[in-house]
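Listed below, chain by chain, are the residues.
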Amino acid sequence: MIKTLKANSIYRTIRKVVITGPIWAVLLGVFIIASVVTPDFLSLRNLTNILLQSSLNGMLAIGMTFLMINGYFDLSVGTAMGFCAVLTIGMQPYGLITAILAALVAGLAIGAINGLFVVKAKINAFVVTLAAFIGLRGLIFIYTGERSIVGQVDGFATFGMSEILGFPTLALLMLVFLVIAEFTLRKTGHGRNTYAIGGNAEAARNAGVPVERTTFINFMLCGLGAAIGGIFIASRMNAATPMLGWPDTNLKIIATVALGGTKLRGGFGSMIHTLGGLLTLAIISNSMDLLNVPSFYNRLSMGLILMLVVYIDAKFKPTAA
Amino acid sequence: MNRAVSKVIGIGKQQGLLVAFAVLILVFSLTAPGLFLTPKNITLVLRQIAIWGVIACGMTLVIVSGHWDLSVGSLTSLTTVVAITLHDKIGPIPAIIIALLVGLLSGMISGYLVGYQKLNSLIITLGMMGVLQAITLIYTGGKYSRIVEPEETWFSFIGRGFVWQIPFPVILLAAIGVVFTILLTRTVYGRRVRAVGGNPVASKFTGIRESFVVMSAFMLTGLLTGIGGVMLGSRMMAAQNYIGSGYEFQVITGVILGGTSLTGGEGNIFKSIIGIVIIGMLNNWFILMGMQYYYQWAAQWVIILAVVWIDVAGKRARAME
Amino acid sequence: MKKGMRNLFLLSVLLFVGMFAFAGGGGETKDDVITIGYAVFNVGIDSYETYHNENFIAECERQGVELIQLDAQGDIARQINQVENLMQKDPDVIVIWPVHGKAIVPVVKKAHDEGFKIVIANSPIDETGFDYITAYAGPDNTQEGRDAAEMMIEAFEKRGITGQKKVVELMGLPGYVTAIERSDGFQEVLAQHPDFTLLATEPTDWNREKATRAMEDLLVKYKDLQGVYVADDNLGIGALNALKEAGRAGEVIMTSACIFGEGYDAMKEGYIQGTCYQYSGLDAINTVKVAVKVAKGEEVDFLSTFESPKVTPDNMDDFKRPEY
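Protein chains in written order, with our numbering: chain A, 1 to 321; chain B, 1001 to 1321; chain C, 2001 to 2324.
Honestly, I wouldn't trust all of these hints.
[What the hints assert, rightly or not] Ranges of calculated distance between the beta carbons of each label pair, as one might list FRET restraints:
id	chain 1	residue 1	chain 2	residue 2	range
1	A	154	C	2312	41 to 51 Å
2	B	1152	C	2270	14 to 24 Å
3	B	1174	A	101	50 to 60 Å
4	C	2187	B	1031	40 to 50 Å
5	B	1088	C	2032	40 to 50 Å
6	C	2248	B	1152	20 to 30 Å
7	B	1097	A	158	53 to 63 Å
[To be verified] Below, in silico cross-link-like pairs of lysine-lysine (PhoX-like), each with a Cα-Cα straight-line distance of 25 Å or less:
id	chain 1	residue 1	chain 2	residue 2
8	C	2166	C	2117
9	C	2293	C	2089
10	C	2268	C	2158
11	C	2223	C	2244
12	C	2320	C	2268
13	C	2158	C	2310
14	B	1040	C	2221
15	B	1315	A	122
16	C	2320	C	2296
17	C	2089	C	2296
18	C	2210	B	1040
19	A	252	B	1118
20	B	1040	C	2166
21	C	2296	C	2110
22	C	2166	C	2310
23	C	2117	C	2296
24	C	2117	C	2089
25	B	1315	A	120
26	C	2223	B	1040
27	C	2110	C	2293
28	C	2244	C	2268
29	A	263	B	1118
30	C	2310	C	2320
31	C	2244	B	1040
32	C	2110	C	2165
Bear in mind the hints are in silico, worked out from the structure with no lab data behind them. From the three backbone atoms N, C-alpha and C, an ideal C-beta is built for every residue, glycine too.
Between the sequences and the hints, there should be enough to build the whole structure, so can you do that?
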């Protein structure tokens, strides 16, 4: 009797989790398959590599998650990241701190511009952020003059490649930001408002939620995520290349967040979900490299996996949150 | 006098896009005198954008039905490659037919997943984008393709031919534009597409086979992309694997500039094509002005926002009257 | 529901930690077969690279060398990840065809500091990285640019054209080192000849259609342009499409920095006046040979460049038409 009760509750737990966050089941599955199929997958080195490699996209995905729960998405994060990376390197003659601050301010400014046009001018987010995507690419080239620039501060690159207790510093930072972001979503008024607006903007407005201000802030948060991501990649390369962030980054980030379970229409999702999506894609990418899969097939399977996960996700509709 | 002015403003509000279009033409002609507004240059621009214009007819349908199709760029690459590689093997007409079928099939797959399985079109077509590009690479093994004896075939007429001084691609664009305008505005089918996009719930109640309507929009887009691929292949008489890369953004931007609402239900083929022409004119004007290409991108940011702002403001003013 | 979510999350965390705990050192045991870890720029971007890749693989087989190849598809961030993943596989030598010569330096340093030997292929790394690599094996892109300029100047002289000579340039992918070097080399030589004016430089992303469009627009803007320099023959054919339509093919002088099969044909027909024979097969074989030597610990030249001689209509019969 007790045995069946226990088995029942385990079953129910698993079922609940699969329904609310199928990405974790997928992640687990992927992890297990990768461990079995891929040589060298389970080494400490490799696993830390995976964390490190997802830290860049992770920052962008964190910012994007705020916005997507709010019901919008931002197509400019790719080149916004690139622009901030370029600033981080290019402003170094004025001091590293200044350079980093410049990048952060730029990210916030870009988010603010996007937010303004979406919220105030009521222009469609796709257009606004697409225009920014293209425009920022222009700014990057104007600033770098088509060449790439190299960083002056040696310590910066060392920082990018450094580790704390065997964990890549950048990965740790990303996780810290993730936790802060999740806290913001769950426990603050802003977070609650974000969910409300995404779920039903009109109802939220009627209930007194400051729709415009919240959305605007979320655009800025998205820009901030891109900025921090830019700082990360700049430290990995100690150089800034004009080609950064073009052309696929945005869609990859949206896909990461959506894969994690955050709905594109808004109102549902979380940082934890996003983390799940992030790690899943990172593991798949890593495994394919280790398996020496010819790149064309790599691309093919990424596309197929994306479609498959969307299919699975649609079939497990979340119960009313 | 006052009445004339307010009448003009009234028209301006009605046709925000056309006003913006006229303004741009004026500005471009004045700043590049003798270069921009010549028959030769205008025909050049029209021919350059013809392929995007053709695809935009289908994309308008898809967006009106409430969805996205991001796969058109990769699909263009694939159909172009198919048309070129098969031309020498089985002759131009079978090659064209197969290229069109490939487009149709791709549209059918996307359309089925979005229309019948109700999956999110953004992610599905994003996945298709990767899959189609991968198939192109796998099919060609990464190599170029070309038609060995370009003089010996009539195939080049499609992309390079002229009829009474007008480039054939432009004629194709005009013909397709007319057909699709009629389709969208005067047929029952068109009404259904708009109903599905505008108000999916209501349309369900009236028994419209929403799924088929959506799938057909994707199929038509796929077919049109196939036509675009044939046009492109004919123009180049050769094919590169990434040749269609980025097309989806150009086409969607054009359609949005044209005023098609991204929430679905409302759209205008003619205006979409005008939107595409604006983009083509922009590209052309920048080179005529001798500006560095990257200033172009930065300026596009401003111009796109300005054009859409005028259009949105005009719509709102109308709605308030 | 929250409880279930939390439980699974804890479970996953436990599993992760557990994996870390009993994850071992990893890494392969060294055996007698030499392994090359190859991080390549973008295999499918054009025929040169595809052909290069085929020859690379073939040469590895011929030499009995094992090859692990990862394709960054043009994404620098991805390439950095891939180099780290290659380190994980512990090859005898790492070959990198960099997406970006400067941005790759930190990870190259990282690999060097962990004892790996590195060979850079085809597209040079920035000078700051020279301390960390063993050799560069590839063409000298800057020299190609210079050669193309010289051939253009000679072609103008041959035709007896006097006065101020106006030319335009179609460059490759903006920000990419090969494109930049070929452009710089060309402009360097041209600057020494004040009777030549460079009217415009347009990027083409190595894409033939973009080259056609750019050329079309340039022809409208600069009705009296007399010459065009293209970063390679693929772009040259694209430009030729536009020139032919304008009826100016053959009249406008064209030189290129890198030969392709179709360019060879065009040169025979008198449309191209000069190009450089950078044969991708040779490039690949050279690189593999250098890499194998490095893996064995043998001496190699730091700059193991191979020659890409000038090709003009006068000497073109001495050269074989490339297959790609």
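Hint check:
{"no.": "1", "hint": "154/A to 2312/C: 41 to 51 Å", "result": "holds (47 Å)"}
{"no.": "2", "hint": "1152/B to 2270/C: 14 to 24 Å", "result": "holds (20 Å)"}
{"no.": "3", "hint": "1174/B to 101/A: 50 to 60 Å", "result": "holds (54 Å)"}
{"no.": "4", "hint": "2187/C to 1031/B: 40 to 50 Å", "result": "violated (28 Å)"}
{"no.": "5", "hint": "1088/B to 2032/C: 40 to 50 Å", "result": "holds (47 Å)"}
{"no.": "6", "hint": "2248/C to 1152/B: 20 to 30 Å", "result": "holds (24 Å)"}
{"no.": "7", "hint": "1097/B to 158/A: 53 to 63 Å", "result": "holds (60 Å)"}
{"no.": "8", "hint": "2166/C to 2117/C", "result": "violated (47 Å)"}
{"no.": "9", "hint": "2293/C to 2089/C", "result": "holds (20 Å)"}
{"no.": "10", "hint": "2268/C to 2158/C", "result": "holds (17 Å)"}
{"no.": "11", "hint": "2223/C to 2244/C", "result": "holds (15 Å)"}
{"no.": "12", "hint": "2320/C to 2268/C", "result": "holds (13 Å)"}
{"no.": "13", "hint": "2158/C to 2310/C", "result": "holds (16 Å)"}
{"no.": "14", "hint": "1040/B to 2221/C", "result": "holds (12 Å)"}
{"no.": "15", "hint": "1315/B to 122/A", "result": "holds (11 Å)"}
{"no.": "16", "hint": "2320/C to 2296/C", "result": "violated (33 Å)"}
{"no.": "17", "hint": "2089/C to 2296/C", "result": "holds (18 Å)"}
{"no.": "18", "hint": "2210/C to 1040/B", "result": "holds (19 Å)"}
{"no.": "19", "hint": "252/A to 1118/B", "result": "holds (21 Å)"}
{"no.": "20", "hint": "1040/B to 2166/C", "result": "holds (22 Å)"}
{"no.": "21", "hint": "2296/C to 2110/C", "result": "holds (21 Å)"}
{"no.": "22", "hint": "2166/C to 2310/C", "result": "holds (22 Å)"}
{"no.": "23", "hint": "2117/C to 2296/C", "result": "holds (10 Å)"}
{"no.": "24", "hint": "2117/C to 2089/C", "result": "holds (14 Å)"}
{"no.": "25", "hint": "1315/B to 120/A", "result": "holds (15 Å)"}
{"no.": "26", "hint": "2223/C to 1040/B", "result": "holds (12 Å)"}
{"no.": "27", "hint": "2110/C to 2293/C", "result": "holds (22 Å)"}
{"no.": "28", "hint": "2244/C to 2268/C", "result": "holds (15 Å)"}
{"no.": "29", "hint": "263/A to 1118/B", "result": "holds (14 Å)"}
{"no.": "30", "hint": "2310/C to 2320/C", "result": "holds (13 Å)"}
{"no.": "31", "hint": "2244/C to 1040/B", "result": "holds (15 Å)"}
{"no.": "32", "hint": "2110/C to 2165/C", "result": "violated (49 Å)"}
Checked against the numbered hints given earlier, this structure breaks hints 4, 8, 16, 32; the rest are met.
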